[in-house]
Structures are given as structure tokens and as C-alpha cells.
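**Student:** The residues making up each chain are set out below.
Number of protein chains: 4
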Amino acid sequence: MNKKMKLRVGILGATGMVGQNFIRLLNDHPWFEVCYLAASQHSAGKEYEKAVAGRWLVEGEIPEQVKNITVNSVLEVENASNACDFVFSAFNMEKEEIRKLEELYAEKMPVVSNNSAHRFSADVPMIIPEVNPQHLDIIPAQRQNRGWEKGFIVVKPNCSIQSFIPPVYALISAGFPVESLLVTTLQAVSGAGYPGMAAIGMIDNVIPHINGEEEKSEREPLKILGTIQNDKFVDLDSLVLSVSCNRVPVRHGHLASVSLKFRDDQPALEEILNIWSSFEGEPQVLNLPSAPHPPILVRNEVDRPQPAKDREAGNGMAISVGRLRDCPLLDIRFSALSHNTVRGAAGGAILSAELLKAKGYLQPIIQN
Amino acid sequence: MNKKMKLRVGILGATGMVGQNFIRLLNDHPWFEVCYLAASQHSAGKEYEKAVAGRWLVEGEIPEQVKNITVNSVLEVENASNACDFVFSAFNMEKEEIRKLEELYAEKMPVVSNNSAHRFSADVPMIIPEVNPQHLDIIPAQRQNRGWEKGFIVVKPNCSIQSFIPPVYALISAGFPVESLLVTTLQAVSGAGYPGMAAIGMIDNVIPHINGEEEKSEREPLKILGTIQNDKFVDLDSLVLSVSCNRVPVRHGHLASVSLKFRDDQPALEEILNIWSSFEGEPQVLNLPSAPHPPILVRNEVDRPQPAKDREAGNGMAISVGRLRDCPLLDIRFSALSHNTVRGAAGGAILSAELLKAKGYLQPIIQN
Amino acid sequence: MNKKMKLRVGILGATGMVGQNFIRLLNDHPWFEVCYLAASQHSAGKEYEKAVAGRWLVEGEIPEQVKNITVNSVLEVENASNACDFVFSAFNMEKEEIRKLEELYAEKMPVVSNNSAHRFSADVPMIIPEVNPQHLDIIPAQRQNRGWEKGFIVVKPNCSIQSFIPPVYALISAGFPVESLLVTTLQAVSGAGYPGMAAIGMIDNVIPHINGEEEKSEREPLKILGTIQNDKFVDLDSLVLSVSCNRVPVRHGHLASVSLKFRDDQPALEEILNIWSSFEGEPQVLNLPSAPHPPILVRNEVDRPQPAKDREAGNGMAISVGRLRDCPLLDIRFSALSHNTVRGAAGGAILSAELLKAKGYLQPIIQN
Amino acid sequence: MNKKMKLRVGILGATGMVGQNFIRLLNDHPWFEVCYLAASQHSAGKEYEKAVAGRWLVEGEIPEQVKNITVNSVLEVENASNACDFVFSAFNMEKEEIRKLEELYAEKMPVVSNNSAHRFSADVPMIIPEVNPQHLDIIPAQRQNRGWEKGFIVVKPNCSIQSFIPPVYALISAGFPVESLLVTTLQAVSGAGYPGMAAIGMIDNVIPHINGEEEKSEREPLKILGTIQNDKFVDLDSLVLSVSCNRVPVRHGHLASVSLKFRDDQPALEEILNIWSSFEGEPQVLNLPSAPHPPILVRNEVDRPQPAKDREAGNGMAISVGRLRDCPLLDIRFSALSHNTVRGAAGGAILSAELLKAKGYLQPIIQN
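Chains as they are written, first to last, in the working numbering: chain A, 19 to 386; chain B, 19 to 386; chain C, 19 to 386; chain D, 19 to 386.
Careful, some of the hints might be misleading.
Because identical chains share one entry, a pair is satisfied inside a single copy or across any pair of copies.
Calculated lysine to aspartate or glutamate pairs in the DMTMM-like style (CA-CA distance at most 20 Å, straight line) [said to hold, decoys possible]:
no., residue 1, residue 2
1, Lys-279, Asp-349
2, Lys-168, Glu-114
3, Lys-279, Glu-197
4, Lys-168, Glu-125
Hints in this document: simulated from the structure, not taken from any laboratory.
With the hints as constraints, model all of the structure from the sequences given.
**Tutor:** Here it is in C-alpha cells:
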């Protein structure tokens with residue numbers, strides 16, 4: 019695809035940590051080109067480089083072609099609709115305001131959102147591309163419900179669940195339904211955005227609480243693993259999750275310690291390793307640009323996965339699993355890791371957009 | 019008790035991290051006075067201050083009265099028997115060697131051990147003083163079995179379980195038997211001794227594995243909560259534990275994320291908090307010098323206990339619990355924390371020795 | 019001194035990190051009793067325990083006798099004047115506002131300030147009690163200038179200089195004038211207050227810049243080491259300082275790497291160690307309650323002082339020095355460490371207040 | 019250059035941290051191919067993957083083509099001479115043993131060493147490729163002295179100086195001779211190898227001492243900036259360095275806080291920035307495969323360079339400088355950073371080998 023044919027993408031909330039990651043990860047993207055940036059009133063009217071001066075937090079430098087883009091106010095929906103084929107949404111407001119503003123954008127263009135506002139809207143798909151790509155099938159119904167002709171809303175789930183839901187789903191899809199999950203997370207500080215956690219509170223410390231995270235982590239998987247019935251999502255009701263969340267002094271990489279009970283027979287550990295190693299989702303089959311190969315990386319070392327060593331696997335898009343062993347209480351237990359600001363945030367949303375593009379949901383909508 | 023009447027105590031393995039903590043915590047102890055130090059051949063013959071030059075790792079300075087004690091070889095049991103009323107054991111060797119050497123010491127004098135070698139000897143009590151003080155009743159049988167007139171062996175359990183077993187026991191002893199525990203630990207680096215974990219492996223990282231720790235953590239509680247039958251310990255067989263262990267970049271303080279299922283009815287959360295807050299063990303009733311008051315400290319803040327803020331509670335001897343809430347899968351869940359090198363190691367052994375003294379098991383055995 | 023006779027002290031900015039340290043360090047103080055708390059409008063009217071809920075950051079619990087004190091607005095000077103014999107000032111505002119508000123307080127009562135607003139007021143003494151206690155002699159002139167009968171203002175210097183100025187002063191006072199200092203600091207995150215540095219920016223990182231810190235560090239020593247002439251402070255003009263400041267991922271404890279050139283002959287290294295070891299300031303001579311003995315602690319180990327091991331020396335009030343050796347460029351070099359939130363902030367101010375009390379500048383001014 | 023034409027390289031000390039970095043950085047190298055690995059007796063005879071099981075410490079996986087190479091004993095010089103066109107040396111022994119063993123290798127093949135044993139041999143060049151490439155001119159004399167026909171020895175300097183010597187040299191080579199340098203380093207833990215620093219000693223701490231590091235840092239630059247006279251290196255005698263070294267809790271990246279005095283006039287700060295920005299060394303002119311462009315990266319942000327943000331610049335081969343400002347005592351001061359295990363170790367040695375190749379000193383010496 020040559021540059022003229024790339025889809026033009028806008029980033030709402032471009033100055034925050036997730037917005038910066040969108041910009042970083044979309045640099046030289048083969049299908050998408052960042053053409054539009056929006057943020058709060060405070061940044062509006064500034065060149066991007068100046069808007070993030072002193073708070074460019076992600077690796078590497080600001081891409082040259084983005085530096086001089088003038089930042090718009092996220093409230094100026096009309097501006098975006100003149101410049102973008104679709105938008106990634108990562109702006110910060112009250113939840114209800116986000117919900118409404120994303121809907122205003124969706125009237126004009128597709129919205130792929132990192133925000134939680136629409137995660138439980140009954141007609142909005144919450145996507146992990148390897149797990150529930152078929153949930154995109156609701157888009158026509160969503161458009162009809164909402165009266166939207168050009169746009170729609172697709173969201174990605176919380177970062178905390180993205181280390182363990184893909185390997186759990188791999189087992190389910192291999193024919194081994196799961197009855198319950200008891201998970202303890204050890205989450206990196208970047209999950210709290212910027213400035214996020216205070217250094218004085220994290221050096222030589224662990225904080226056994228993340229606001230709202232356990233509720234999200236226990237509820238979102240049920241929708242993701244659920245089905246569409248009568249144009250609405252219906253949760254999987256046969257799975258029970260208990261997720262306890264801890265913040266640890268790690269920059270990036272959410273680790274989960276997982277115990278799992280199967281509904282029926284337990285596959286042998288060796289079989290589980292095979293299921294994981296050979297698992298492929300639609301992103302791999304379609305060979306999407308950001309799809310990791312393999313999506314689930316099995317570590318055989320006794321002390322892996324580790325955030326420092328494994329978070330960058332598959333350019334931050336692969337899930338690393340290890341320490342598979344029997345659980346004295348449930349059936350099995352294992353550790354799983356994913357990069358929270360790549361797979362768990364901007365990267366996951368980009369992979370969702372690639373899936374949308376491959377399925378024909380994203381197209382040029384503006385005139386050159 | 020004036021100084022002349024203090025019991026004379028020796029420390030086996032005095033130069034290691036646990037040995038140093040014994041020395042630190044016994045400084046100005048009202049009942050015990052450090053009179054004898056032993057370590058490996060390498061340190062034997064040196065003054066203590068020189069033996070630990072460059073590797074005194076614990077807070078504060080080396081106590082004045084210990085600095086100039088000449089270190090013995092831990093192999094010279096006879097020397098110790100001329101100088102000590104009892105010994106704390108924390109030396110490092112092959113497990114089988116430790117077992118045998120501790121038995122040689124026990125012929126001559128009581129041994130309170132931090133080592134794991136005798137934890138599963140059928141006639142050796144493994145003590146958390148607040149939990150199973152009655153296990154000391156096996157000592158006469160142990161002496162008879164072994165033919166020991168002067169000594170005996172008492173051990174303390176692994177540090178990893180000491181954050182959650184006391185609060186679990188408090189529930190059991192209040193009439194709420196526990197059926198299962200699913201625990202994920204976040205353990206401090208000092209638990210690995212010195213030098214222990216490499217800094218390059220712990221900065222910005224978590225290691226989801228601690229060698230042998232899960233096995234110990236799942237097995238030891240069953241003995242501690244078990245009973246004496248026919249002069250032998252019999253494990254509690256009605257409790258199932260699943261413990262997954264992680265190493266986190268924290269200096270001191272093991273945190274546990276615990277889910278628990280009761281055998282029968284679940285008490286209300288409020289009642290559980292009351293049980294914990296009002297819990298007292300024999301060390302509290304006897305008002306032993308190192309006994310924390312209260313032994314279990316309930317934190318009401320939403321984000322506590324934290325290692326940096328709570329490990330020093332009760333001079334490092336109290337267990338802090340918090341975040342009590344319902345568990346969607348088992349019955350309840352909570353976080354618990356204890357100081358691994360104090361309550362979980364030297365401090366726990368000292369409290370055991372105080373309990374032994376209060377019960378008449380420790381007495382002056384050497385002539386002045 | 020019995021409790022009835024203790025001076026009643028108020029804390030302005032009681033909810034911030036320095037304010038909390040004042041409260042912690044004044045608990046059971048033999049001379050001062052915290053009777054009054056003030057903070058921003060946001061906290062005014064709340065009980066202290068509620069005002070700091072979720073952000074009590076210092077060690078231990080909130081002292082019982084302070085928990086229920088109702089917080090005043092820092093703007094209500096009159097309230098303070100009815101309740102306090104003097105105040106510690108640590109509130110946050112624009113510098114000019116602080117300057118004015120502290121002056122309003124000083125009309126009514128003595129103010130011992132942790133703020134920088136008045137550090138260069140020509141008639142306000144900036145005190146390190148061991149270094150320039152004689153600077154308090156300006157107080158009568160200050161009162162006369164300002165028309166204050168009841169109060170006055172005394173300030174303490176920035177935390178960054180308190181590790182190296184006392185040992186430098188000890189050399190000067192022993193008859194070895196100093197010509198130049200080239201200092202690189204490695205400063206703890208607590209120096210930035212709360213929330214201060216973002217964890218994401220400090221884990222696995224160093225930041226080679228602290229806003230305004232180098233300017234303060236190069237200028238303040240010249241006043242502290244200066245003299246009073248015609249009722250005004252005159253800087254020492256014979257000393258040149260170059261101070262470069264870095265933030266390191268350490269909770270507490272500012273470390274300085276110092277190179278020093280003497281004006282005249284260089285004393286032998288052994289003599290310098292003797293000067294430091296035997297140094298006493300007026301707080302030691304007067305045996306003030308918070309005075310560390312010795313004020314300068316010489317570490318002979320090759321790798322000390324270290325923040326984790328030495329910051330608590332003298333209850334956080336002692337300066338630790340070590341690594342004294344020749345400098346190939348200047349004359350000597352050494353490392354120095356002090357606890358930035360104790361000696362460098364609240365503790366230093368309390369010691370200054372003790373000095374004021376001992377010299378008769380603080381007295382009961384309110385009626386019981 | 020196609021693969022058949024690549025030079026065959028062996029790595030002595032292949033299992034250590036530096037050896038691993040050689041393997042990582044030489045993966046897919048356009049000129050060199052790793053064909054031979056040697057390590058201690060303990061590893062000899064094992065496949066590389068097994069030899070490093072549990073201690074592969076560097077990023078990414080072990081390259082496929084290296085995994086199955088059987089590790090030789092480093093003592094088997096003959097084996098290497100049958101397999102390699104040259105070797106990188108990074109094995110660990112007593113210094114004198116290293117010296118001798120490297121000489122045995124040098125009889126047979128060129129040796130590019132990361133070790134310090136030969137840094138001060140009068141006929142061995144110590145190379146920073148951008149700074150003193152002309153020092154390679156001594157190789158013919160070295161060979162004649164030693165009677166070596168096939169090989170020679172070239173070494174790289176200590177990692178601690180590689181952040182600040184290139185920018186200092188850039189100034190010298192632009193016509194501004196330097197009279198003195200006063201440097202304080204903040205060095206990463208990976209500089210100590212593996213296991214290196216204990217985590218318990220580095221979390222929440224700084225250690226103001228690195229064994230032997232200050233001596234190396236003050237002496238090595240004088241040789242590097244020196245000249246060849248009568249086939250021997252003669253130190254630059256007009257420069258005085260004072261370097262104080264600290265270990266900080268950072269994984270990778272040595273930061274230096276530098277004050278500098280020029281011998282003659284001081285260029286304007288703006289001119290210095292221009293000199294640095296436009297600096298090119300021979301590796302840039304020759305466009306060597308590992309040469310960073312630019313070699314010196316000027317950061318204009320007020321708080322850069324930082325290890326976490328800047329160590330990877332130029333694939334870990336660029337030096338980042340920032341915070342240039344006047345020094346109140348010397349002339350200027352600035353902060354400089356380089357990646358200690360890339361530029362400062364394996365990467366620097368590889369760049370030296372590339373320079374040797376480009377200059378004709380490395381050629382195929384073994385028969386296919």
C-alpha cells in the first residue's frame with residue numbers, strides 16, 4: 019500500500035501516555051497515517067512538539083511527521099471529520115462526557131477507543147483481536163440502532179486482563195471450557211498513566227490496590243467471551259472470576275498469577291502447552307501488520323515470564339506464559355505476562371483497527 | 019531480670035543475614051544475652067567485627083558487646099556447650115549436614131532453629147508462637163526418643179507463610195474452620211539471604227518463582243495446624259493450600275494475596291475484622307518481651323498493607339491485614355503482610371525462645 | 019518540663035509531607051506540643067485524620083493527640099495567634115504570597131520556616147544550628163525593622179546543602195578556610211514532596227536536573243557562612259561553589275560527592291577525620307533534645323555513607339561522611355549524606371526552634 | 019558481503035554478561051560471524067544453550083545459529099586458531115593470567131579485548147574508535163616486539179569513561195585543549211557483571227564506591243588522548259582528572275556529571291553545542307556498520323540525558339550529552355550518558371573490530 023493510499027487516522031487525547039504510544043506505534047505503519055491530533059483545550063492550537071514538551075514519555079523521539087501537526091481541541095468534532103478516515107480515542111474526561119463525545123465522533127467516522135466509557139454498551143464490541151473478532155459482526159446493528167452511517171464504536175478491554183484471557187481463550191477454543199479463574203495481578207506503574215503513581219510510594223514497595231481494576235477485570239472477560247444474541251452482547255454466564263490487583267515497582271508489563279478450573283476434564287499439562295504454542299487467532303491468519311507470531315509465547319524456563327525480559331516479545335504484542343503446573347485447589351496454575359501499554363493499550367487498539375480494515379469496516383471516507 | 023541472670027545464648031551462623039538479625043534483635047534483650055558466636059571455618063578465629071567487615075547488612079551498628087567476640091567454627095559443638103544455655107541455629111550447609119549437626123548440638127543444649135532441616139522431623143515442633151504453642155508439649159517425647167537430657171530442637175517455619183497463617187488461624191480458633199486457601203505471595207529480596215537476588219535481575223522486574231518456596235508454603239501449615247498423636251505430629255488433613263510465589267523488588271516485607279474458603283458457614287466480614295482485631299495468642303497473654311500487641315493489625319485504608327508502610331508494625335513482629343472483601347470464587351479474600359527477616363526469621367525464633375523460657379524449657383545449664 | 023509548661027506550637031501546611039514530618043517528629047517532644055494545625059482551604063474545617071486520609075505518608079501512625087485537631091485555614095492568622103506560642107511554616111503558595119503571609123504571622127508570634135521565601139531577606143537568619151547559631155543575634159534588629167513585638171522569622175536552608183555544609187564548616191571552624199567546593203548531589207525523591215516525582219520516571223532511571231536546586235545550593239551557603247554587618251547579613255565572598263543536582267530512585271537521603279580546595283594549607287586526611295569526629299556545635303553543647311551526638315558521623319568503610327544504611331543515623335539528624343581521600347584536581351574529596359526530610363527539613367527546623375528556646379527567643383505568649 | 023565472506027569470530031568468555039552481549043550484538047552482523055565460543059572449564063563441552071541455561075541475561079533470545087555451538091575451554095588456544103579469523107576476549111581470570119592467555123591467543127590471531135589486563139601495555143592500543151583510531155598504527159611495532167605474525171592485541175577502555183571522553187575529545191579536536199576534568203559518575207548495576215550487585219544492597223540505595231573504578235577512570239583517558247612516540251604510547255600529561263564513582267539502582271546506562279576547565283579560552287556554549295552536534299569520527303566517515311550517526315547526540319531538554327530514555331540512542335552506541343552550562347568554579351559543566359554494556363563494552367569492541375577490518379588489520383586467516 020503506498021502512502022497515498024494509507025488511511026488517515028486521528029488521535030484523540032494525543033498528548034497523554036496512551037496517545038503518545040499511538041503516535042509511536044503508528045510511525046511508519048503500512049496501512050495508517052497519523053494526520054490529525056486532538057487533546058484538551060490546554061494543548062489546542064499548539065504544535066504537537068510544543069504541546070508535549072517536557073512530557074514525551076515513550077521510547078524514541080517524536081516522529082518527524084507528527085512534530086509540527088497543530089493540536090486541535092478534542093471538542094471540535096467537525097475538524098476531525100474533515101481530516102480523518104477514523105480516529106483512535108484515548109482522551110480523558112468524566113466517563114459520561116467521554117461516552118457522549120465518542121458518540122458525536124462516531125456519527126462522522128469510526129472510533130476505536132481505549133477508553134472504558136463504552137465497554138458495556140450493549141451494541142459496542144470490546145475486542146481482543148485473537149479472541150473475539152466475530153464480535154465485530156454487531157457493527158451493522160450498532161449503526162442501525164444509533165442512526166450512524168459513516169462511523170461506529172469499537173473498544174478494547176482493560177490492560178489487566180490481556181495477559182491471561184488469550185491463553186484461557188486458547189484452552190476454551192481447543193475444547194476445554196473453563197469454569198473458574200482465580201487471578202492475582204502484579205501490574206506495572208505505566209498502567210496508571212502519567213504522572214500516575216508517585217515514586218515515593220512505589221520505591222521499595224507494593225500497593226495491593228488499583229482503583230476499579232478488580233471490578234473491570236472480573237466483568238470484562240464475560241462480555242469478551244460472550245455471544246451476540248438479538249443484536250446485543252450477552253455475557254458468558256458459566257465462568258466465575260476472582261481477580262486481585264497489585265501495583266509493583268515495574269515500569270511496563272503486567273504479570274498475572276493464574277489458577278484455573280476446567281468445567282469438564284482437565285487436559286494434560288503437555289497438551290495445554292501444545293494448545294498454547296500452536297494457537298493462532300484471526301490476526302495471525304490474516305497476517306495483520308501488528309499481529310505477533312506466535313501470539314502466545316510459551317516460556318520453558320522455571321522463572322519466566324518476567325516483565326523485564328518478556329514484555330517486549332513480539333514487539334510488545336505477544337503474551338508470554340510459563341510456570342504451568344497443577345494447582346492443588348483448582349486444576350492448573352500458570353503465570354502470564356503482557357506489555358500493558360502496547361498489547362494492553364495502544365497496540366491492542368491498533369491491532370483491532372487492522373482487523374477492522376481487513377474485514378472492510380475501515381475505508382477512506384474523506385476526499386483528498 | 020538483671021544481667022547476671024540472663025540466659026546465655028549462642029548464635030550458629032552468626033555472620034549470615036539471619037545471624038546478623040539475631041544479633042541486632044537480641045541487643046539489650048531482657049532475658050537473653052549473646053555470649054557465643056559460631057560460623058563457617060572461614061570466619062572462625064576472627065573477631066566478629068572483622069568477620070563481617072563489608073557485609074554487616076542490617077540496620078544500625080554492630081552492638082558493642084558483640085564486636086569483639088571471637089567467632090568459633092560451627093563444627094565445635096563442645097565449645098558452645100561450655101558457653102551457652104541454648105543456641106539459635108541459622109548456619110548454612112547441605113540439609114543433611116544441618117540435620118546432623120543440629121542433633122549434635124541438641125545433645126548438649128536446646129536448639130531453636132531457623133533452618134528447614136528439621137521442619138518435618140516427626141517429633142520436632144515447628145512453631146508460630148501465637149498459633150501452636152501447645153506443640154511444645156512434644157519436647158519430653160522428643161528427648162526420650164533421642165536420648166537427649168539437656169537439649170531439644172524447636173524450629174520455626176518458612177517466612178513465606180507467616181503473613182497469612184496467623185490470620186487464618188485466628189479464624190479457625192474463633193470457630194470457623196477453613197477448607198482451602200489460594201495464595202499468591204509477593205516476597206521481598208531479603209528473603210533470599212545475602213547476596214541473594216542479583217540487582218540486575220530485580221530492578222524494574224518481578225520473578226515469578228522462588229526455588230522450593232511453594233512446596234514449603236503448601237506443606238508447613240498442615241503441620242503447624244496439626245495435632246500431636248502418639249508423640250508424633252499429624253498433619254491437618256482437611257485443608258488444601260495452593261501457594262504461588264513471586265519475588266518483587268522490595269527490600270523487606272512479604273505480602274500475600276489470599277483467597278479463603280470456609281468449611282462451614284462464612285462469618286460476616288465485620289465479624290472477621292473483629293476476630294482479627296481481638297485475637298491474642300499465648301505470647302500476648304504471657305506478655306513475652308518480643309510479643310507484638312496486637313499480633314494482627316487490621317488496616318482499614320483501601321490500599322494497605324504495604325511493605326514500606328507496614329513491615330515495621332509491632333517492631334516487625336505484627337502481621338498487618340487489610341482489603342478484606344468477598345471472593346467471587348471462594349468465600350473471602352484479603353491481603354496480609356509480615357516482615358520476613360523479623361517475624362519471618364530471627365524475630366520469630368526469638369519469640370519462640372521466649373515462649374520456651376516462659377514455659378520452663380530454657381534454664382541456665384552452664385556454671386558461671 | 020511537664021506538659022503544662024510545654025510551648026504550644028502550630029504547624030502551617032500540616033497536611034503536606036513536611037507538615038506530616040513535623041507532626042511525626044514532635045510526637046512526645048519534651049519542649050513543644052502540637053496544638054494547632056493549618057492548611058489550605060480545601061482541608062480547613064476537617065479533623066486532621068480526615069484531612070490526610072489516603073495521604074499520610076510518613077512512618078508510623080498519626081499521633082493520637084493530633085488526629086482529632088480541626089484543621090484551620092492557613093489564612094486565618096488570628097486563630098493561630100490565639101492558640102500558639104510559635105509556628106512552624108511549611109505551607110505551599112506562590113513565593114510572594116508565602117513571604118507576605120509569614121510576615122503576617124510574624125507580627126503575632128515567632129515563625130520557624132521551612133519555606134524558601136525569606137531565605138534571602140537581609141534581616142532573616144537562615145540557620146543550620148551547628149553552623150551559624152550566632153546568626154540568631156539579628157532577631158532584635160529584625161523585630162525593630164519590621165515593627166514586630168511578639169514575633170520574628172527564622173528559616174532553614176534547602177535540604178540539598180545539609181549533607182556537606184556542616185562537614186565543610188567543621189573544617190573552617192578548625193582553622194582551615196575553604197576556597198572552593200565542587201559538588202554533585204544524588205538526591206532522594208522525597209525531596210520533591212508529594213506526589214513529587216512520577217514512579218514511571220524514576221524506576222530504573224536518574225534525572226540529572228532538579229528545578230532551582232543548583233541555584234539555591236550555590237547561593238545559600240554563602241549567607242549561612244557569612245556575617246552580620248550593620249544589622250544585615252553579608253555573604254561570605256571568598257568561597258566559590260559549583261553544585262550539580264541529580265534525582266535518584268531512593269526514598270530518603272541526599273548524598274553528595276564533594277571536592278574541596280582549601281584557601282591555605284591542606285590539613286592531613288587524618289587530621290580532617292579528627293576534626294569531623296570531634297566536631298560539636300551549639301546544639302550539642304546545649305544538649306538540645308533533637309541534637310545528634312555526634313553531629314558528624316565518620317564512616318570508615320570503603321563504601322559508605324549509603325542512603326539505605328546511614329540516613330537514620332542520629333535519628334535522621336546526623337550527617338554521615340566517608341570516602342575521604344585526596345582529589346587530583348582540588349585538595350580533598352569525600353561523600354556526605356543527610357536525611358533530607360529529617361535533618362534537611364522538619365527535623366532541622368525543630369532543632370532551630372530548640373536553639374531559639376534555649377536562647378530565650380521562644381516563650382509562652384498565650385494565656386492558658 | 020555475503021555470508022561466505024564474513025570473518026569468523028570467536029568469543030572468549032562467551033557465557034558471561036559481556037560475552038552474551040557480543041553474541042547478541044553480532045547476530046546478523048554484516049561482516050562478522052560467530053563461529054566459536056570458549057568459556058571456563060565448567061562450561062566446556064556443553065552446547066551454548068545449555069551452558070547459559072538460567073543465566074541468559076541480555077535482551078531477546080539466544081540466536082539460533084549460536085545455540086548449538088559446543089563451548090570450548092578458553093585454555094584451548096589451538097582449537098580457536100583452527101576456527102577463527104579473530105577473537106573477542108571477555109573471559110574472567112586473575113589479571114596476570116588474562117594477560118598471558120591473551121598473548122597466547124595473539125600469537126595465532128588478532129585479539130580484541132574487553133579485559134583490562136593489557137590496557138597499559140606500552141605497545142597495545144586502547145581504542146575508542148571515534149577518539150584515537152590512529153593508535154592502531156602501533157600494531158606493526160607491537161607485532162615486531164612480540165614476534166607475532168598472525169595476531170595482535172587491541173583493547174577497549176573501561177565503561178566508566180565512555181560517556182564523557184568522546185565529548186571532551188570533540189572539544190579538543192576542535193581546537194579547545196582541556197586542562198582539567200572533575201567528574202562524578204552514576205553507574206548502572208550491569209557494569210558489575212552477573213550476578214554483580216546484590217539487590218538487597220541496591221533497592222532504595224546508592225553505593226558511593228566501585229572497586230578500582232576511579233583509578234581506571236583517571237588514568238585511561240591519558241593514554242587514549244596520548245601519542246605514539248618511538249613505538250610506545252606516551253600519556254597526555256597536560257590533563258588532570260578527578261573522577262568519583264557511584265553505583266545507582268539503574269539497570270543500564272552510565273551517567274556522568276562533568277565539570278571542565280579549558281587550557282586556553284573557553285568557547286561560547288553555543289559553539290560547544292555546535293562542535294558536539296557536528297562531530298564525526300573515523301567510524302562515521304568510514305560508515306562502519308555499528309557506527310552511530312551522530313556519535314554525540316545533544317539533548318536540549320532541561321532534564322536529559324537520562325538512562326531510561328537515552329541509553330538506547332544509536333542502538334546503544336551514541337553518547338548523549340545535555341545540561342551544558344557555565345561552571346562557577348571551572349569553565350563549563352554538563353551531563354553525559356552512554357550505554358555501559360553496549361558502547362561501554364561489547365558494542366565498543368565490535369566497533370573497534372570494524373575499524374580494524376576497514377583498515378585492513380583483520381583478514382581471513384583460516385582455510386574454509
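**Student:** Work down the list of hints and note, for each, if the structure agrees.
**Tutor:** Outcome of the hint check:
1. Lys-279 - Asp-349: Answer is both; intra-copy 5 Å and inter-copy 16 Å each pass.
2. Lys-168 - Glu-114: Cα proximity of Lys-168 and Glu-114: none, with 23 Å in one copy and 55 Å across.
3. Lys-279 - Glu-197: Both ways: Lys-279 and Glu-197 sit 6 Å apart in one copy and 17 Å across, limit 20 Å.
4. Lys-168 - Glu-125: within (6 Å within a copy, 69 Å between copies)
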